[in-house]
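Residue numbers (numbering that gives the first Met the number 0), protein chains in the order written: chain A, 0 to 467; chain B, 0 to 148.
Keep in mind that the hints were calculated from the coordinates and are not lab data. Honestly, I wouldn't trust all of these hints.
From chain A, some residues computed to sit far from chain B (all C-beta separations above 10 Å) [stated by the list, open to error]:
#1 Leu-182
#2 Asp-238
#3 Glu-309
Covered stretches of chain B (in silico footprint by chain A; criterion: 3 or more residues with CB under 8 Å from a CB of chain A, positions within the stretch not fixed) [what the hints assert, rightly or not]:
#4 4-15
#5 90-99
#6 118-128
Glycine included, each C-beta is placed from N, C-alpha and C at the ideal position.
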Amino acid sequence: MSFKQKLVIAFGTALVILLWIGVLTFRRTLQEDEDQKWVSHTHLVTEKLDAALADLVDAETNQRGYLITGEDSYLNPYRSAANAVYEDAHTLRKLTADNPTQQRSLDEIEPLIALKLAELDDRIKIRNMPGLGAVIPTAIDAGTRYMEHLRTLISKMRLEEQRLLSQRMEAAQVSSRNMKKVLILGNILALVFLMSAGLVIREEMDKRKRSEETLRLSEDDLEAANKELEAFCYSVSHDLRTPLRGIDGFSQALLEDYENQLDSQGKEYLQRVRMNAQRMATLIDDLLNLSRITRSEMRRETVDLSLMAESVAIDLRNQEPERRVVFAVAPGLRTEADPRLLRIVLENLLGNSWKFTSKREGAEIQVGRIQDNGRSAYFVRDNGAGFDPKYSSKLFGAFQRLHGITEFPGTGIGLATVQRIIHRHGGRVWADAELNRGATFYFTLQLSISDEEESNEGQSHFAGRRQS
Amino acid sequence: MKDKVILLVEDNPDDEALTLRALKKNNITNDVVVARDGEEALEYLFGTGKYAGRDVTVMPQVTLLDLKLPKVDGLEVLRQVRANEVTKHLPVVILTSSNEDKDRFEGYDLGANSYVRKPVDFDQFTRAILQLGLYWLVLNERPPVPVKI
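Please build the complete structure, drawing on both the sequences and the hints.
Right under this line is the structure:
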């Protein structure tokens, strides 16, 4: 598992646990509000039950007062108490709508209230009829039974309501205890995951520290290797050339001082010794240049490749003014490259073209630009000796030559140098040729950016630089 | 031109012989003092060690200095020559096999008057020596040597 995955899992789990605890706590708060509501509800129901009973008693008391005294002042309180009883019953039905047990009790209570109040009313009517006082005792008996029955039923409802309340309180206590356990456990778990995330981070930091250490060490190694390489190059340039100078110099001394004692063959051999010494010196220099190209720092800037090619052409003409070669350089080829390295590329490619057209009448060398897979490719084309395309894979290897040394001179390092420079620019170099029909060398200078845009930008850069 | 001494600092006997030969071939007959390492070159210039008591009013018209030398290398010789009041203006031509950028930079930084790479081709080498001789022994005016050290 990767560091990132571990971290996501540890932090993610801790986060989920904490969120879960949050949700539980919130729900618990809601539950407590609900519980509180039930407590109030129970009180309300109980109060209403008490009120109903009290109102019944009140109605009865006032009715009796009227029966005994016959005073009308008892009638009004009697009626309002009787109405209150109905209202109480109605309110109770609404309050306990969700409880079938209580509703069933109310089913019993309501007709009883009606009977009781009817009985009370009947007695008042009888009281108002003269000469009917004898009926009263039996009626009172029935009224008392209703009343007792009502008392029983009301107290049953009270008990039911109390029972519900205590049941709810108990459930609330249990859930509160469970909640505490969950909170403790959840927080511990979250802590564990956070701590393990911390451990993962620490582990990763240690690991990175170690890799940095390793990297630093390998950087040291690299630096040491570079120093060694430089020492080697220095050695090659200095120590290997010195004996060559001895070989060449003393051969020449022999040729000059002992001219009379050497026949023509002896002189020729000495000339060959000199030629080889000089050739080896050139090889050493080319090899050093190749290694220098790899080591040197690269700085891209806007370069006018056309101007550069023209300038290389002038150098070539000056070296062999007697040759007639047509140079056709497309104007305005601007690009971003290291000017020093790009010049080495052009010197090598144009130099090759110059060399391999040396045996051709009407030699022509072209420099231009084509589009290759959406990017600009520059080319150097000649109508010289060319080469067999089957050897094109060998072209860019160091010391690879496709022509005999007597046919065309050279060390075979030029195209290896070109390839190295092009690769350092992130580009590609390839060739197209036919034996005796000339060769074309193509190269790109960057991976994929379109040169057209670069060229426009480049122009302004160029102008800016010239002004400054 | 005869009284103008050339100091050749060169450890390789072949190169020494070839340089002397090239001078001779170019008819440069000035005295050549050869120092085979950097220490010897400094002893000659400052009149110490092996050259104790030498007439130090006679200073080389030009010093041909190789860089890779035993004991004290060429760049260190140059540093000490430039650091000394008496020798600080002496013309010093670095004549070496190396064409490393680093050597060229350091050579010029330390105040070399010229930097010439020895060609392998003896004909070219002879031409180089001729041109050096013509320039430094004939054309170039050396600064006056102070009377006292």
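Next item on the list: Evaluate the condition: distance from the CB of Leu-182(A) to the nearest CB of chain B exceeds 10 Å.
Entry: holds, 73 Å
Item checked: Residues of the stretch 90-99 of chain B with Cβ under 8 Å from chain A, three needed, outcome -> holds (count 5)
Item checked: Within 8 Å of chain A's CB atoms, at least three CB atoms from the stretch 4-15 of chain B: coverage verdict -> Three-residue rule met by the stretch 4-15 of chain B, so holds; n is 3.
Item checked: Distance rule for Asp-238(A), whose beta carbon must clear each one in chain B by more than 10 Å -> At about 8 Å from chain B, Asp-238(A) fails to clear the 10 Å cut-off, so the statement is violated.
Notebook entry, point to check: For the stretch 118-128 of chain B, does the count of residues with a C-beta closer than 8 Å to a C-beta of chain A reach 3?
Noted result: holds (count 6)
Note to self: Please check whether the beta-carbon of Glu-309(A) is more than 10 Å away from every beta-carbon in chain B.
What the structure shows: holds, 27 Å
Comparing the model with each numbered hint stated earlier shows that hint 2 is the single one that does not hold.
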